[in-house]
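Asks: Take a look at the letters that make up each chain.
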Amino acid sequence: MAKRTVEVELSTTGLDAQGRPQRVPILTDDGGGGLALQAPPAMEPDLDGEHMLINIGPQHPATHGVLRLVLELDGETVVRCIPHIGYLHCGFEKIGEYRQYNQIICWTDREDYLNSIGNNVAFALGAERLFGIEITERCKVLRVIASELSRIMSHLVWLGTFCIDIGAFTPFLWAFQRREEIYRLLEKWIGARLTTSATRVGGMAADIPNGWMDGLRQFIRTFPHTLDEIDRVLTKNAIWVGRTVGLGVMSPEEAINWGLSGPMLRASGVDYDVRKDFPYLDYETYDFEVPVGTNGDVYDRYLVRFEELRQSVRILQQAADRLSDGPVNIDDPRIILPPKSKATSEMESMIHHFKVVMEGPRPPIGESYFAVESPKGEKGYYMVSDGTAKPVRWRIRPPSFVNLAAIPKMVEGHLLSDVIAINASIDIVMGEIDR
Amino acid sequence: MSRFEVVRTGASAPASQPVTQKGVSHRGAEANPSAKALQDKFGAAVRRVEVIWGETVVFIDPASVHDVIRWLHDDESQRYDFLSDVTAVEYRDAEVPIEVVWHLRSLPFRRFLRVKAQIPKGQPLEIASVYDIYRSADWLERECYDMFGIRFSGHPDLRRILMWEQYKEGFPLRKDFPLRGRFSRSEQLRQALAQNPEARYSMEELSIADAFAELPEEMRARLSKGERTGE
Numbered sequence: 001m002a003k004r005t006v007e008v009e010l011s012t013t014g015l016d017a018q019g020r021p022q023r024v025p026i027l028t029d030d031g032g033g034g035l036a037l038q039a040p041p042a043m044e045p046d047l048d049g050e051h052m053l054i055n056i057g058p059q060h061p062a063t064h065g066v067l068r069l070v071l072e073l074d075g076e077t078v079v080r081c082i083p084h085i086g087y088l089h090c091g092f093e094k095i096g097e098y099r100q101y102n103q104i105i106c107w108t109d110r111e112d113y114l115n116s117i118g119n120n121v122a123f124a125l126g127a128e129r130l131f132g133i134e135i136t137e138r139c140k141v142l143r144v145i146a147s148e149l150s151r152i153m154s155h156l157v158w159l160g161t162f163c164i165d166i167g168a169f170t171p172f173l174w175a176f177q178r179r180e181e182i183y184r185l186l187e188k189w190i191g192a193r194l195t196t197s198a199t200r201v202g203g204m205a206a207d208i209p210n211g212w213m214d215g216l217r218q219f220i221r222t223f224p225h226t227l228d229e230i231d232r233v234l235t236k237n238a239i240w241v242g243r244t245v246g247l248g249v250m251s252p253e254e255a256i257n258w259g260l261s262g263p264m265l266r267a268s269g270v271d272y273d274v275r276k277d278f279p280y281l282d283y284e285t286y287d288f289e290v291p292v293g294t295n296g297d298v299y300d301r302y303l304v305r306f307e308e309l310r311q312s313v314r315i316l317q318q319a320a321d322r323l324s325d326g327p328v329n330i331d332d333p334r335i336i337l338p339p340k341s342k343a344t345s346e347m348e349s350m351i352h353h354f355k356v357v358m359e360g361p362r363p364p365i366g367e368s369y370f371a372v373e374s375p376k377g378e379k380g381y382y383m384v385s386d387g388t389a390k391p392v393r394w395r396i397r398p399p400s401f402v403n404l405a406a407i408p409k410m411v412e413g414h415l416l417s418d419v420i421a422i423n424a425s426i427d428i429v430m431g432e433i434d435r
Numbered sequence: 436m437s438r439f440e441v442v443r444t445g446a447s448a449p450a451s452q453p454v455t456q457k458g459v460s461h462r463g464a465e466a467n468p469s470a471k472a473l474q475d476k477f478g479a480a481v482r483r484v485e486v487i488w489g490e491t492v493v494f495i496d497p498a499s500v501h502d503v504i505r506w507l508h509d510d511e512s513q514r515y516d517f518l519s520d521v522t523a524v525e526y527r528d529a530e531v532p533i534e535v536v537w538h539l540r541s542l543p544f545r546r547f548l549r550v551k552a553q554i555p556k557g558q559p560l561e562i563a564s565v566y567d568i569y570r571s572a573d574w575l576e577r578e579c580y581d582m583f584g585i586r587f588s589g590h591p592d593l594r595r596i597l598m599w600e601q602y603k604e605g606f607p608l609r610k611d612f613p614l615r616g617r618f619s620r621s622e623q624l625r626q627a628l629a630q631n632p633e634a635r636y637s638m639e640e641l642s643i644a645d646a647f648a649e650l651p652e653e654m655r656a657r658l659s660k661g662e663r664t665g666e
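Chains E and W, in that order, give the protein sequences. Each residue of the first sequence is one higher than the last, beginning at 1 in my numbering. Each residue of the second sequence is one higher than the last, beginning at 436 in my numbering.
Hints may be right or wrong, so weigh each one.
Unchecked claim - Here are a few chain E residues that face chain W, going by a calculated C-beta distance under 8 Å: (1) His51; (2) Phe176; (3) Glu180; (4) Lys236; (5) Ile239; (6) Glu378; (7) Arg397.
Stated by the list, open to error - Only pairs whose alpha carbons sit at most 30 Å apart, straight line, appear in this in silico DSS-like list of lysine-lysine: (8) E:Lys390 <-> W:Lys476; (9) W:Lys471 <-> E:Lys390; (10) W:Lys457 <-> E:Lys355; (11) W:Lys556 <-> W:Lys610.
Think of the hints as simulated: they come from the structure by calculation, not from any bench. We put the CB at the ideal spot given by N, CA and C, even for glycine.
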């Protein structure tokens with residue numbers, strides 16, 4: 001249960017003692033028969049300090065969605081960065097005020113769409129706090145499996161696209177191949193790949209089908225091999241290290257003050273993980289470690305997310321071992337739909353079915369803020385109820401929105417090409433930022 | 436490269452492992468000790484304390500928001516160093532005032548506190564910004580302004596963030612704003628088509644590298660006649 005710091009060891013040739021990429025010195029004849037270091041080339045003359053205005057996005061493959069950055073450049077160095085967001089704004093929070101709680105779950109899919117099933121779980125947990133429901137043991141374990149599968153999926157997309165941004169193509173293919181397996185598992189379970197809508201207030205939309213756990217166990221068994229492969233080609237690769245070390249550094253104090261969360265915060269050396277510090281779904285009973293970086297740069301964010309993949313596999317293994325038989329949904333006809341066969345044959349079940357569908361479950365007056373550790377960071381759902389079937393306010397605390405707000409600070413002083421690497425290291429999803 | 440000391444959460448908390456909350460009661464769970472400390476320190480500025488579903492809500496006087504949050508951030512016995520969220524709530528009942536909500540976390544103590552300030556009916560929607568305490572308030576307050584029209588005084592750059600700057604329909608999350616927007620679809624389309632390419636940049640951005648001076652004469656004339664720019 002103890003939290004662990006992953007020591008960042010850099011032992012690649014081409015790096016100095018501090019882990020910075022080192023230039024191979026070019027030696028020239030010093031005229032006396034010996035060799036001498038060549039003088040560094042003179043800097044290009046300053047073009048009267050003239051700055052340049054550069055626009056990246058909103059339609060640009062390296063901005064991971066419709067993000068637009070307006071940059072002021074001095075030569076190739078970024079002087080100022082002005083981000084523009086909102087191109088994908090759909091008013092989710094407004095729409096949520098006109099929907100019943102179970103209907104909102106469909107909207108949570110579309111917000112952080114790389115982590116759709118994780119959002120479903122988070123929203124259902126928040127709504128259950130508001131309703132005062134205790135879910136069943138089997139449902140808890142299934143939700144842990146869902147959350148961790150979704151964390152692996154999201155991190156694999158991040159890893160693949162980050163590699164492409166930096167110029168490595170192969171790990172992208174490996175990562176997406178494994179992600180496809182998770183999608184197939186989800187399709188068997190829920191019937192959908194991306195827009196899962198897997199949870200309901202008080203339970204799940206469906207129990208896992210027969211033989212599903214075999215597929216999961218096979219994935220748990222084989223997935224670490226892929227991780228080892230990617231680890232082997234990336235982690236000590238001098239190009240990879242050279243493109244990521246020392247970029248976008250945030251100190252722990254800065255990271256906390258800027259509100260960073262998730263791997264961004266942990267890479268800066270703060271071991272805040274909602275699963276450990278404000279646990280839910282009995283996460284305190286699972287044995288896993290929280291990787292923490294010590295340099296707060298892009299490379300540390302890569303290491304932290306990479307280690308999280310391994311830890312998620314550990315959690316999945318434990319969850320698969322402890323999954324017990326029993327009901328998935330709570331036994332409350334005011335909240336959970338009756339089985340279809342009963343709804344069409346028994347009067348009472350039909351009434352319950354009608355009430356749940358047409359009127360929707362009603363929570364008592366109150367409010368709750370439920371935060372989970374999403375792959376991007378602390379994702380919170382704040383719901384306020386006035387006793388009716390629709391929330392007065394449904395607020396999403398979007399982790400990548402707050403993380404992205406720090407991009408002007410992180411890119412200033414770096415090169416234009418590093419902006420892409422730093423932006424990729426934040427792991428943004430515009431669907432969540434704009435909502 | 437400098438290495439950071441790892442910051443441990445819960446370092447100031449008594450040695451207890453946090454566990455999943457079970458059987459949380461609707462009202463009457465134990466309040467966060469910070470609520471008592473706030474009442475002792477600020478007296479009448481703390482209007483009331485509620486505990487809903489195990490979460491402590493402190494209602495404070497809107498005029499003392501900045502002082503209270505500054506104290507919560509700075510005081511050694513509180514250390515609320517992490518601002519999770521800034522948002523607002525407007526109720527369907529028009530009699531209930533709009534609430535501004537701050538969700539604060541203390542990482543060293545592993546505490547969570549919700550601070551609320553009610554803006555009385557009929558008063559301008561204005562409240563102190565906590566930007567100088569938490570930099571994370573930057574975009575969160577901008578979003579709150581964008582969606583509710585609450586002005587955070589002291590915020591250095593309070594402008595719309597999700598909607599574009601020329602957006603004229605109002606503040607979308609207010610209850611008097613219809614779900615489909617105030618303008619008709621054709622009017623929304625007409626406005627979108629009427630936008631000029633140079634209007635994609637704010638005046639501040641156009642000042643970079645003398646971009647404004649290089650615009651065609653006709654565009655410059657339009658912009659200097661007060662046509663709004665920026666998104």
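Asks: Hint by hint, say whether it matches the structure.
Replies: Hints, one by one, checked against the model:
| no. | hint | result |
| --- | --- | --- |
| 1 | His51 | holds (5 Å) |
| 2 | Phe176 | violated (31 Å) |
| 3 | Glu180 | violated (33 Å) |
| 4 | Lys236 | violated (16 Å) |
| 5 | Ile239 | violated (18 Å) |
| 6 | Glu378 | holds (6 Å) |
| 7 | Arg397 | holds (5 Å) |
| 8 | E:Lys390 <-> W:Lys476 | violated (38 Å) |
| 9 | W:Lys471 <-> E:Lys390 | violated (33 Å) |
| 10 | W:Lys457 <-> E:Lys355 | holds (28 Å) |
| 11 | W:Lys556 <-> W:Lys610 | holds (14 Å) |
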